[in-house]
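Just need the whole structure built from these sequences, with the hints factored in.
Just so we're aligned, residue 209 is where the sequence shown starts under the working numbering, counting upward by one.
Hints were generated in silico from the structure; no laboratory data involved. Because the structure is a prediction, the values reported are computed rather than measured. All clues given are correct.
With a straight-line Cα cutoff of 20 Å, these simulated SDA-like cross-link-like pairs (lysine to any residue) come out:
1. Lys222 - Thr258
2. Lys222 - Met236
3. Lys222 - Gly241
4. Lys222 - Pro262
5. Lys222 - Ile210
6. Lys222 - Tyr242
7. Lys222 - Arg254
8. Lys222 - Leu276
9. Lys268 - Gly230
10. Lys222 - Ile282
11. Lys222 - Asp279
For each label pair, taking beta carbons as the anchor points, the in silico distance ranges come out as:
12. Glu240 - Asp279: 13 to 23 Å
13. Arg254 - Val234: 17 to 27 Å
14. Met209 - Gln247: 32 to 42 Å
15. Asn250 - Phe275: 28 to 38 Å
16. Ser245 - Ser270: 34 to 44 Å
No residue lacks a Cβ here, since even glycine has one placed at the ideal position from N, Cα and C.
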Amino acid sequence: MIGIELNHQGIPCKVVEVLEDGPSIVLMCTDEGYIQSDQYGNPLRRVPQTFNVPVLSRDKQSIHPAFLALDLLI
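What follows is the structure in structure tokens.
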């Protein structure tokens, strides 16, 4: 799955990691990014935004709705 491009809540992203614990996938936005703040809240640098999307629901019996809502870019 690593490298697959998709839309998460309308934001273009790419799968950068698959985590066994959960399981979940980590998405990195491919757009401009957002401004990261330092520990005092001052703007520091522009970094890509990341999301952690669970694959299974809490009961581990069904696919999580957030994972089902991902739109593959073909």
